[in-house]
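Which chain is which? The protein sequence lines are A and B, in order. Using our numbering, read the first sequence as starting at 19 and increasing by one per residue. Using our numbering, read the second sequence as starting at 380 and increasing by one per residue.
Hints are supplied without guarantee of correctness; some may be wrong.
Stated by the list, open to error - Pairs of lysine to aspartate or glutamate residues, derived as EDC-like cross-links and limited to a Cα-Cα distance of at most 20 Å, are as follows:
1) B:Lys839 with A:Asp205
2) A:Lys126 with A:Glu70
3) B:Lys840 with A:Asp144
4) B:Lys839 with A:Glu41
5) B:Lys892 with B:Asp981
6) B:Lys839 with A:Asp249
7) B:Lys840 with A:Glu91
8) B:Lys840 with A:Glu206
9) A:Lys169 with B:Glu868
Note that these hints are calculated values from the structure, not bench results. Since this is a predicted model, take the numbers as computed values, not measurements.
In case you want the letters, here they are:
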Amino acid sequence: MNRMNIYIVMILLSITTGSIAGEADLLFEAGSRAYLDGDYLEARSKWTQVEENGWVGGDLYYNLGNAYYKTGELGEAILYWEKAATILGEEGDIAANLQIARAQIQDKLDEQVRLPVWDWLDRTRDRLSAGFLTWMAILLSLSGSIIFGLKRWVFRSLDNSRIQIIVIGLVVFLLVDLTMIGLKARDEKLSRAGVFIVPEAEVLSAPAIGSGKLLFTLHEGTKIRIVRVLDDWIEISAGKDKQGWVKAETLGLI
Amino acid sequence: MMQRLKSVFLLVLVLPHWVFAANDIKLTASVDNPSPRVGERFTYSIQADYTGSLPDIAPPDFDGFEIAMGPSVSTSVQIINMAVSKSQTISYVLRPTRSGTLSIAPASLKLKSKTISSNSVSVEVPSDGTSPNPGAAAGKGGVKGGKDKAIQGDKSAEVFLTATADKLSLTKLDMAIVTYRLYLRVNVLNYEIAKVPQATGFWIEDFPVSSRPVLEDVTVDGQPYKSAVIRRIGVFPTRSGAMMLDPLSVDVTIERSTRRARSRDPFDSFFDDPFFGSRGQRVTQTVSCVPLMLSVRDFPAGAPAEFSGDVGSFDLNVTYDKQELAQNDALTVKVTISGKGYLKSIDAPKLELPSGFEQFAPTTEDNISLASDAMRGKKSFTYLVIPRRSGNFTLPPVRFSYFDPAAGSYKTASDGGLDLRVSGAEGGNDIVYSGKSQSEVTLVDSDIRFVKALTTPLTKKSIPQYRSPWFIILFAMGPLSLLGGIGWEKYNEKRSADPVAVRRRKAVEMVRKSLIQSERFAQSDALKAVETAAKGLAELTGAVIDEPTAGLTMDLVRRKLNELNADADLTDKTIKLLGEADRIRFGGAGQTVNDIRLLLEDYKTTAANLERLK
Chain A
19 MNRMNIYIVM ILLSITTGSI AGEADLLFEA GSRAYLDGDY LEARSKWTQV
69 EENGWVGGDL YYNLGNAYYK TGELGEAILY WEKAATILGE EGDIAANLQI
119 ARAQIQDKLD EQVRLPVWDW LDRTRDRLSA GFLTWMAILL SLSGSIIFGL
169 KRWVFRSLDN SRIQIIVIGL VVFLLVDLTM IGLKARDEKL SRAGVFIVPE
219 AEVLSAPAIG SGKLLFTLHE GTKIRIVRVL DDWIEISAGK DKQGWVKAET
269 LGLI
Chain B
380 MMQRLKSVFL LVLVLPHWVF AANDIKLTAS VDNPSPRVGE RFTYSIQADY
430 TGSLPDIAPP DFDGFEIAMG PSVSTSVQII NMAVSKSQTI SYVLRPTRSG
480 TLSIAPASLK LKSKTISSNS VSVEVPSDGT SPNPGAAAGK GGVKGGKDKA
530 IQGDKSAEVF LTATADKLSL TKLDMAIVTY RLYLRVNVLN YEIAKVPQAT
580 GFWIEDFPVS SRPVLEDVTV DGQPYKSAVI RRIGVFPTRS GAMMLDPLSV
630 DVTIERSTRR ARSRDPFDSF FDDPFFGSRG QRVTQTVSCV PLMLSVRDFP
680 AGAPAEFSGD VGSFDLNVTY DKQELAQNDA LTVKVTISGK GYLKSIDAPK
730 LELPSGFEQF APTTEDNISL ASDAMRGKKS FTYLVIPRRS GNFTLPPVRF
780 SYFDPAAGSY KTASDGGLDL RVSGAEGGND IVYSGKSQSE VTLVDSDIRF
830 VKALTTPLTK KSIPQYRSPW FIILFAMGPL SLLGGIGWEK YNEKRSADPV
880 AVRRRKAVEM VRKSLIQSER FAQSDALKAV ETAAKGLAEL TGAVIDEPTA
930 GLTMDLVRRK LNELNADADL TDKTIKLLGE ADRIRFGGAG QTVNDIRLLL
980 EDYKTTAANL ERLK
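Taking the hints into account, I'd like the entire structure generated from these sequences.
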């Protein structure tokens, strides 16, 4: 397949998937063409413009990861693939690329021990959009109220236990949904994780260069969990038992 | 005195022989078995007969032999007719390493400038191709070997142990049955295996042996013995060449005393209670058999490709649980290998499958036992195979190759394969595939995956919907409505619970309706207008003073309203208005429409004041 054919396939794909050829889409396509031509810096520039214009998308983040990887910036590449994974899930191409990139990371950290339910919660709320969660909460709230009201004032002779089960089920779903919304709201203020985008970052015991002792150093591409933010310092948790403060500019937030 | 002189005389006679006699040395070499088999042990001895001192004897070069044990040295001195002669015997236990006529060169020693040599000895070693006589190995030869080791030349040994094999020459991984037999001429209280042979280079399987050995009467070198088999093992050599099975050692507890009459059965007290069985001094003696040498042949050339070292005589049975199945369904293939041989070492045969077939690791079941002469049984391997493509396939036959020692050749067992039809997921055309298997794809390099086209539309970053006021309103609408409804319901329930209040509410409603109706009648029918208003007021008054409307009297109304601390004007007005209909009815005309309207206003005011009374 020659390049022209690939262009055609990519453009057709975009059309068939219903994307509107707005400015963002045109920039996206321009980035794809530059990438195909091997001009990875140009591709990166186009896709970055799309992002800076306030657009979000799993494909956009994935492609940005590729462009950063091809231009030798491992940390940024991993950062954008991780971002893509929060939207599209870590599978397929994203998983394959992350596997290749992670093999090049200098730091080897023990896996953090977390309850599987927290991982499930993270994955689920990443995959569910804020809009979906919002409308789901409204729907569950209204339907629960209506069912309860009908049973109380209209269909008094209906089997009470069945209605109770339905209402309890709706309430449980509603609580899960509201928990997800709450966590999403928290994520807006404080990212859950980040990736080092500098070759080497010093991790200190306190958020101050003068008083904080150097605990250890971490390197580009290493993913960490964020504990809290204080001005331009971020407290991180790395691996099973390592914790400390790093300068905010060393990290890219997922 | 005479005795002392005799001694001096003898010393004078003998001393010159010792001091001045020429040192005459003679070396003689001999073997105890002139025709040992390859690997079979035999003893080579150099006997030196001498009168003086004996220089060191240089042993010959044992080319073609391997020294299994030795050298061991024994010396004896004899004085016959005042002549002193000495003898020293140096013994080696040797094993021929090849067949043919092998010669052992003379041993020699140097006496001053003179070299004294022994004779050379030749042994005839039968070639490997000649099969040893198992009967001889298991019978007299074996007994002799064991006895020699056990009694160390003492023909009157009370206890000795032998090891015999049903075959001394065999193919690798073929089985030889080794029998350990104890020979007794004394009462034995107990025995215990002290040292199990090292099994380096062998797989060993124990045959079951009775815990109470069966005794047999045998004669060994003219001596009557009781004999019993104490251990029986199957030996599978894993290497070729001359393989030595180390000796077994047994601790035997013997009763020595003969004061009391004894049973003729040496095992009489073998397993008896020690308290009753103990009749004399107990002695524990360790007896060992000689090491057993086996000549092990390697597999002959020309092994089939599937041969993986299995030896015996086997049958192969392959079953498939279906001949037709859907794509991605499971096909179960069961391969059963049965027969005799070392079944434990048989690995799962490899299934040759067409490309597009996934095969899972097989599960293994076996039922193996040691029969009287061989290991027998069967071993089954169950494979789960999943076709990932549809079409008509030919599964190649399952093949299993082994070496049959009885026939001396390789054999290959196989089934007929299987013609398999795999239906597609949805109406796809079936394709015929050949039976070629897939091969691993070699990865030349790795790279990240290619970029994506825009499969999902880009979305603009915006304030999340859950922060919108509409979300709060819509979300809260249902539960708030529900709460409102429940509150209203509770409020009504509470109001309905007081009958006086309920009557009063109804009366208020009624008086309001009455006054509206009265307004309508004001122009057309003055009497009806006033009657309607008075009726409503009477209902209200009865409800306020909590008395039946029908039983209202002027006095009752006044008294009750006073109890309610009603204003005197209100009381008077109420009583007046309640009787107003009668006055109009009986007073006749004279009431203008305007008068009626003013009167109705009075009703309204009075009713409103009565409503306020508590």
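Within 20 Å, alpha carbon to alpha carbon, are Lys126 (chain A) and Glu70 (chain A)? violated (33 Å)
Distance restraint between Lys892 (chain B) and Asp981 (chain B), which requires alpha-carbon spacing of 20 Å or less: Holds, at about 16 Å.
So if I understand the rule, the pair passes when the alpha-carbon distance is 20 Å or less; does Lys840 (chain B) with Asp144 (chain A) pass? holds (15 Å)
Sort out whether Glu868 (chain B) lies within 20 Å of Lys169 (chain A), counting only the CA atoms. holds (14 Å)
Decide if the proposed pair is consistent with the structure: Lys839 (chain B) and Asp249 (chain A), CA atoms, cutoff 20 Å inclusive. Judged against 20 Å, a Cα distance of about 28 Å means the pair is violated.
Need the status of pair Lys840 (chain B), Glu91 (chain A): alpha-carbon distance at most 20 Å? Cα-Cα ~26 Å, so violated.
For a C-alpha distance cap of 20 Å, please report whether Lys840 (chain B) and Glu206 (chain A) respect it. holds (12 Å)
Has the given pair, Lys839 (chain B) with Asp205 (chain A), been kept, meaning a C-alpha gap of at most 20 Å? holds (18 Å)
Regarding the pair Lys839 (chain B) and Glu41 (chain A), is the alpha-carbon distance no greater than 20 Å? holds (12 Å)
In summary, the structure is inconsistent with hints 2, 6 and 7 from the numbered list given earlier, while agreeing with the others.
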